[in-house]
Amino acid sequence: MSDKVLLVDDETDFLEVMAERMKAREIDVTTAASAKEALSLIEKESYDAVILDLQMPEMNGIEALKALKSKNPDIQVILLTGHATVQKGVEAMKLGAMDLVEKPADLKVLAEKIKKAHAKKMVLIEKKTEEKIRSIITQKGW
Amino acid sequence: MAPSGSSGVSVPEDAAAECGLQFFGAVSASISHELKNAIAIVNEHAGLLEDLAALAERGRPVDPKRLKQTAVQIARQVQRADGIIRNMNRFAHSIDDPVKTVDLPEMVCFLAALAERKATMAGVVIDTACRDASFSIQTRPFFLLNLLWICLKTLIEMISSGAVIQLGADPNDRGVGVWLRCESLNRSKETILHAIREQAGPLLCVLNAEVNIDKASGCIALSVPKITCDL
Numbered sequence: 001m002s003d004k005v006l007l008v009d010d011e012t013d014f015l016e017v018m019a020e021r022m023k024a025r026e027i028d029v030t031t032a033a034s035a036k037e038a039l040s041l042i043e044k045e046s047y048d049a050v051i052l053d054l055q056m057p058e059m060n061g062i063e064a065l066k067a068l069k070s071k072n073p074d075i076q077v078i079l080l081t082g083h084a085t086v087q088k089g090v091e092a093m094k095l096g097a098m099d100l101v102e103k104p105a106d107l108k109v110l111a112e113k114i115k116k117a118h119a120k121k122m123v124l125i126e127k128k129t130e131e132k133i134r135s136i137i138t139q140k141g142w
Numbered sequence: 001m002a003p004s005g006s007s008g009v010s011v012p013e014d015a016a017a018e019c020g021l022q023f024f025g026a027v028s029a030s031i032s033h034e035l036k037n038a039i040a041i042v043n044e045h046a047g048l049l050e051d052l053a054a055l056a057e058r059g060r061p062v063d064p065k066r067l068k069q070t071a072v073q074i075a076r077q078v079q080r081a082d083g084i085i086r087n088m089n090r091f092a093h094s095i096d097d098p099v100k101t102v103d104l105p106e107m108v109c110f111l112a113a114l115a116e117r118k119a120t121m122a123g124v125v126i127d128t129a130c131r132d133a134s135f136s137i138q139t140r141p142f143f144l145l146n147l148l149w150i151c152l153k154t155l156i157e158m159i160s161s162g163a164v165i166q167l168g169a170d171p172n173d174r175g176v177g178v179w180l181r182c183e184s185l186n187r188s189k190e191t192i193l194h195a196i197r198e199q200a201g202p203l204l205c206v207l208n209a210e211v212n213i214d215k216a217s218g219c220i221a222l223s224v225p226k227i228t229c230d231l
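One line per chain: the protein sequences are G and W, in this order.
Residue numbering for the first sequence follows full-length UniProt numbering, starting at 1 and increasing by one per position.
Residue numbering for the second sequence follows full-length UniProt numbering, starting at 1 and increasing by one per position.
Source of the hints: derived by calculation from the structure; they are not laboratory data.
On a predicted model such as this, the values are computed, not experimentally measured, just so you know.
Just so you know, even glycine gets a beta-carbon here, dropped at the ideal spot from N, CA and C.
Any given hint might turn out to be false.
Taking CB as the label site, the calculated pair distances span [what the hints assert, rightly or not]:
1) G:N60 with W:A54: 55 to 61 Å
2) W:A75 with G:H83: 40 to 46 Å
3) W:G25 with G:N60: 31 to 37 Å
4) G:M122 with W:A129: 55 to 61 Å
5) W:S134 with G:D74: 55 to 61 Å
Listed next, the in silico DSSO-like pairs over lysine-lysine satisfying Cα-Cα at most 30 Å (straight line) [said to hold, decoys possible]:
6) G:K115 with W:K226
7) W:K118 with G:K36
8) G:K108 with W:K189
9) G:K36 with W:K36
10) W:K189 with W:K215
11) G:K94 with W:K36
12) G:K88 with W:K215
13) G:K66 with W:K36
14) G:K4 with W:K65
15) W:K68 with G:K116
16) G:K69 with W:K36
17) G:K66 with W:K65
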């Protein structure tokens with residue numbers, strides 16, 4: 001099964017070429033040119049990872065990360081930034097980002113992080129399913 | 001006369017220099033972010049060419065149209081980065097001469113170029129209304145640019161997304177004036193004026209400049225003498 005990714009960046013040239021390269025690697029990629037668009041997309045679809053630019057007009061990456069996490073706490077977000085500082089990294093991790101990658105990004109590295117995000121999502125789904133089954137068993141008294 | 005510090009440099013000069021360092025830092029950081037974006041796109045196109053070459057090696061023909069398209073996109077980003085570096089170079093040289101004769105409308109246009117990214121990030125458009133005008137003043141160019149930056153930055157931070165800031169320069173009774181006009185303010189003009197004066201106090205002092213609200217037009221108006229100090 002291919003990884004499902006939402007790529008969010010206001011640089012449309014970047015979105016187009018990055019999406020093309022991801023598709024060539026059999027990653028199922030959807031693009032959004034703004035945080036607002038990304039927020040509306042995650043309401044309709046589930047993604048293994050959201051790759052989010054930190055510096056975007058109107059709603060920046062940190063604000064978007066907060067909004068994404070409040071809509072779906074399990075969502076795996078990888079932040080893309082022009083300048084990755086320790087301070088920014090810590091702030092992003094505290095807010096629940098899975099990782100922080102500096103631009104220009106190495107697609108090989110990014111693809112590995114997407115795989116990790118997919119695996120993490122699967123673990124979370126399994127855990128939730130297990131909890132659900134346990135709750136049903138307890139309630140039904142089998 | 002401004003009071004002197006222990007180094008013999010007047011206090012407003014010291015404070016203006018510190019203001020200038022912050023300005024230099026803010027513009028340099030903005031420029032480096034913009035460059036990173038251009039580099040990131042070039043990097044992806046280089047990666048795409050590698051991908052196409054790898055496919056060609058495995059026998060899949062490469063569409064020449066796709067290659068041409070990639071070349072055009074790379075050239076576009078190179079041009080963009082070149083423009084950013086040109087501005088960076090001009091900005092770096094703005095500190096070369098402490099006092100200089102400068103074309104004020106040209107400086108206003110340059111300011112708009114420097115602030116473009118900040119404006120875009122806030123969803124604001126800067127419209128310069130002095131492209132064809134030309135008149136010179138004898139001033140401290142770096143401090144004046146810094147003062148104009150503070151005015152524009154403060155306005156950008158206090159207006160709603162989607163707004164347009166009009167920016168222009170005209171000769172006036174006192175010397176020359178730069179005006180900033182915006183209809184979609186989310187704070188009172190007095191609040192904006194107070195914020196500008198608070199940040200730019202030392203610069204207003206060393207440039208012998210004034211910032212006010214023009215009663216007739218409602219613009220934030222900056223007034224500077226035609227000759228601030230001797231060359």
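Inset, instruction - Would you mind confirming whether the straight-line C-alpha gap from K4 (chain G) to K65 (chain W) stays at or under 30 Å? - result: Status holds; Cα separation ~29 Å.
Legend entry - Straight-line alpha-carbon gap K36 (chain G) to K36 (chain W), limit 30 Å: holds, 23 Å
Legend entry - K66 (chain G) paired with K36 (chain W) [C-alpha distance capped at 30 Å]: Answer holds: K66 (chain G) to K36 (chain W) is near 24 Å, not above 30 Å.
Inset, instruction - Could you say whether the range 55 to 61 Å given as a hint is met by the Cβ separation of M122 (chain G) and A129 (chain W)? - result: holds, 57 Å
Inset, instruction - Take a quick look at whether K108 (chain G) and K189 (chain W) sit within 30 Å of each other, Cα to Cα. - result: Not OK: K108 (chain G) and K189 (chain W) at ~51 Å, beyond 30 Å, violated.
Inset, instruction - Would you check the hint for K189 (chain W) and K215 (chain W), treating anything up to 30 Å between C-alpha atoms as holding? - result: holds, 11 Å
Inset, instruction - Take the C-alpha atoms of K94 (chain G) and K36 (chain W), compute the straight-line distance between them, and say whether it is at most 30 Å. - result: Cα-Cα ~25 Å, so holds.
Legend entry - Straight-line alpha-carbon gap K118 (chain W) to K36 (chain G), limit 30 Å: Holds, at roughly 19 Å.
Inset, instruction - Take the C-beta atom of N60 (chain G) and the C-beta atom of A54 (chain W), compute their distance, and say whether it sits inside 55 to 61 Å. - result: For N60 (chain G) and A54 (chain W) the Cβ distance comes to about 36 Å; the hint is violated.
Inset, instruction - Note whether the CB distance of A75 (chain W) and H83 (chain G) lies within 40 to 46 Å or breaks it. - result: At roughly 26 Å between Cβ atoms, H83 (chain G) and A75 (chain W) fall outside 40 to 46 Å, so the hint is violated.
Inset, instruction - Assess, step by step, whether the Cα of K68 (chain W) is no farther than 30 Å from the Cα of K116 (chain G), and give holds or violated. - result: The hint is violated at about 35 Å.
Legend entry - Restraint status (C-alpha distance of K69 (chain G) to K36 (chain W) at most 30 Å): Since the Cα atoms of K69 (chain G) and K36 (chain W) sit roughly 27 Å apart, the hinted pair holds (cutoff 30 Å).
The structure is inconsistent with the numbered hints 1, 2, 3, 6, 8, 12, 15 and 17, although it conforms to all the rest.
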